[in-house]
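Peer 1: Okay, here's what each chain looks like letter by letter:
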Amino acid sequence: MKVSIVSLTCCAGCVSSFLNAGEALLEILSGNFEVVYSPTFADLKEVPSVDLAIIEGGVGTKDDENLIREVRAKSKILVALGICATHGGITSLGNMFALRELLEKEYSLVEKTQLPELEDLMYPISNFVDVDYYIPGCPPMPFLIVHTLKSLVGGKEPPRNQSVVCTECHRKIIPAKLDRLYGVYEKESDPTLCLVSQGFVCLGSLTRDGCGAPCPRAGFTCFGCRGPPDSMMYRVRDMYGFLIKVIAYRTGIPSETVKAELYRNPFIFHTFIFSKFQRSIAREKVI
Amino acid sequence: MSDKRELTFSPTTRIEGNGKVTITLDGAGNVSDAYFYATEIRGFDYFLRGMDADRLPFIISRICGVCSTAHVIASVEAIESIYRTEITETARKLRELLLMGQVISNHSLVIYFLTLPDFYFPLDEDASKRNIFQIMRERPDIARKAITLRSLGATILDLIGKREVHILSVIPGGLINPLLEKDREVLLQKAQSAWEVAKDALAFGKELFDKNWSDFKKAGDCKTYYMALTKNGGLEFYNSKIHIIDPDGNIVSEFSAQDYMKFLEEKSYAWTFAKFAYLKSPGWPTGIVQVGSTARMNVNQRAKTEVADREMKEFKRKFGSPTHATLLFDYARLIDLIYACERVQELLGDKDLVRTDTRVKVEPKGGRGVGVVEAPRGTLAHEYVLTDEGRLEQMKLVIPTQMNNVAINLNVKDAATEFIHNGEIKPGLLNKIEMVIRAYDPCIKCATREADGNGRIQLEIRDSRGQIAKMVQT
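The listed protein sequences correspond, in order, to chains A and B. Those letters in the first sequence? Residues 13 to 299, per the numbering used here, in order. Those letters in the second sequence? Residues -16 to 457, per the numbering used here, in order.
Rather than coming from a laboratory, the hints here were simulated on the basis of the structure. The structure displayed is predicted, hence computed values, not measured ones. Just so you know, even glycine gets a beta-carbon here, dropped at the ideal spot from N, CA and C. Each hint should be verified, as a subset may be incorrect.
[To be verified] Here are a few chain B residues that sit away from chain A, every Cβ distance over 10 Å (derived from the structure):
| no. | residue |
| --- | --- |
| 1 | R(-3) |
| 2 | N13 |
| 3 | D35 |
| 4 | S64 |
| 5 | R113 |
| 6 | E147 |
| 7 | C205 |
| 8 | D231 |
| 9 | K245 |
| 10 | H307 |
| 11 | L336 |
| 12 | T370 |
[To be verified] FRET-style restraints, in silico, Cβ to Cβ:
| no. | chain 1 | residue 1 | chain 2 | residue 2 | range |
| --- | --- | --- | --- | --- | --- |
| 13 | A | I89 | B | V368 | 45 to 51 Å |
| 14 | B | E237 | A | A294 | 58 to 64 Å |
| 15 | B | D124 | A | P171 | 43 to 49 Å |
| 16 | B | R351 | A | I89 | 48 to 54 Å |
[Stated by the list, open to error] Computed list of lysine to any residue pairs in SDA-like fashion (alpha-carbon distance at most 20 Å, straight line):
| no. | chain 1 | residue 1 | chain 2 | residue 2 |
| --- | --- | --- | --- | --- |
| 17 | A | K57 | B | D333 |
| 18 | A | K199 | B | K112 |
| 19 | A | K257 | A | R247 |
| 20 | B | K112 | A | V48 |
My request is simple: use the sequences and hints to build the entire structure.
Peer 2: Take a look at the structure:
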């Protein structure tokens, strides 16, 4: 199987995560998996025709857009790896601002330059091309990437994760009686109790599983990097209301108070940055 | 007589991020100028304004997935300096261990996956073969070594940082979780087997380097200032003073993290999304400074671990100190790796590492603070100004690739001038020039975090009529 690994606008963390797969990585690379195009690892400068293309990063420039269109046209299967490719990711926080203006101010880009033209916003690749599989995550865990790739190499449909992170978290949900919400750094957490019932804004209850819940297990709130689960994909607006209900129930704080705290700017942008999953995406394709 | 012309290589390959190179030739076909530039950009400096400090480190981490740990620690230390938090000795040791894990994970990637193909294959090797995947097919044992090393780094980040990429555990006040005794034992065992691989990598690397050195030594050797963290003249990556030496090796500045921004300045050009950082004194364009592996060898006299100390001294004996040849970065990177592998064993051998006092209470306040660490690519600094409500008011990051950016451009031109005469472009030329860039292990992702885009690098050589302004007089 010939493979392209393409990196658009991103932090390169998804491919780094793939390289952390250890033995499983060796197994994949020594099997039917020939990386022919990858500017990060190989010298071929032109995009070849391949069986499988793995894309990390979103579309931030016209160069990205042209490249992703070309790669799509020359690939049988196209996989969006990581939340930037699947929905725009952290970088799309920049969509709150007019980047072009900032560029002019900061880089004096008033004269004509050779640099690629910027898109008006940071887009997920599905805005431009058809995607066969989405592996959301920031970054997706190494085992999730290799399991999916192994299935694809073997000509099988990759197993999907359809539930929420809470199902993979060992913490016990016991409704509490708290007077306010807490920041992650404000107090130490009890290692056995649900983080939400301790007053932390953990998004596990509205985030797709498949990661093994590394963040809540470590005492850090889930920040939603796998995007919504199947049941919420087409009801993104309901998610905020759902989260308020979950928090109010588990903390005993009145919903109105929770709502006021959650909707405070810019907290809400940073909280839900990973949850704005494209509505047009067919959920059957999300791994 | 041929007309003026320009060569463009795009994208530059086997580096992290998207870039391009342009080389301009004059009427006689000799190099008149060369540019290496970043073609992606994101905007972190802007969209983070107004953000709550307690979410900052974990979003800042997304600047770069390759060296995220260094960003998280620099960010948390900047916040702690504003809060005036003194973290515990245990937390300090664990943070240093995380930084060492980062160096091992990054350097094993750069050494095996990115630069080894240049030294392993003959210079005129078919470009489609010149990569780690081909080496893996020919020598599965090398692949296994690369994975063993990388996996030590990843396991340290996973067991202590709680995620291999974009670690979670480091927060203002220390670390969320103490290290468990059983995890310490797992890591120690892994570190011991990785140490054998690291020694082997050093021997193999030195052998390949010596074989190619006569070809490579002319590929760029511009003389600049150097900067690195240091403790009493010894190699350090965390919690120590910063030294700057001049091109002759004299120490010109010595300061602590909080004074960092008094010494560095940055500027931008319209032809690249990556900014340039330089020394305020002596100013632009004399104050070009390099950071990273070679800088660490030039600034320091010793290393506190045995083999790294011996290798550093041998390096200085062979090449002098300070030494300026660009491709020595590839050699010096091996010494970093040896140091990190030795240091990891030392730190893990300490039973106090599993103490549970990893976290102290923080008292949020407003103000200005700086966090500095030695990232795999060189000295990294984060400066924040927080409001009394704990929101980010202002942010300035000085990133290794921004500092090396000037030297990269100068050395690309230097190398192009060395290799191109009378318009004759020999095979393998492009790769030789890319090797100069690769030696710096530039992280376009980090250097271009500022607006929206991607770390794509291109090298352009433009003709003298090109509208691009000349960058610096040499």
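Peer 1: None of the hints should be skipped; say for each whether it holds.
Peer 2: How the hints compare with the structure:
1. R(-3): For B/R(-3), whose nearest Cβ neighbour in chain A is about 6 Å away, the distance does not exceed 10 Å, so it is violated.
2. N13: holds (22 Å)
3. D35: violated (6 Å)
4. S64: Label holds. Min Cβ-Cβ 15 Å, cutoff 10 Å.
5. R113: violated (5 Å)
6. E147: violated (5 Å)
7. C205: holds (24 Å)
8. D231: Holds, because the least Cβ-Cβ distance between B/D231 and chain A comes to about 34 Å, which exceeds 10 Å.
9. K245: Nearest chain A Cβ is 22 Å from B/K245, so the label holds.
10. H307: holds (27 Å)
11. L336: holds (18 Å)
12. T370: holds (13 Å)
13. A/I89 / B/V368: 45 to 51 Å: holds (48 Å)
14. B/E237 / A/A294: 58 to 64 Å: With Cβ atoms ~60 Å apart, the hint holds.
15. B/D124 / A/P171: 43 to 49 Å: Because 33 Å falls outside the window, the suggested range is violated.
16. B/R351 / A/I89: 48 to 54 Å: holds (50 Å)
17. A/K57 / B/D333: violated (48 Å)
18. A/K199 / B/K112: Given that 20 Å is the threshold and the Cα spacing comes to 54 Å, the pair is violated.
19. A/K257 / A/R247: holds (15 Å)
20. B/K112 / A/V48: holds (9 Å)
Checked against the numbered hints given earlier, this structure breaks hints 1, 3, 5, 6, 15, 17, 18; the rest are met.
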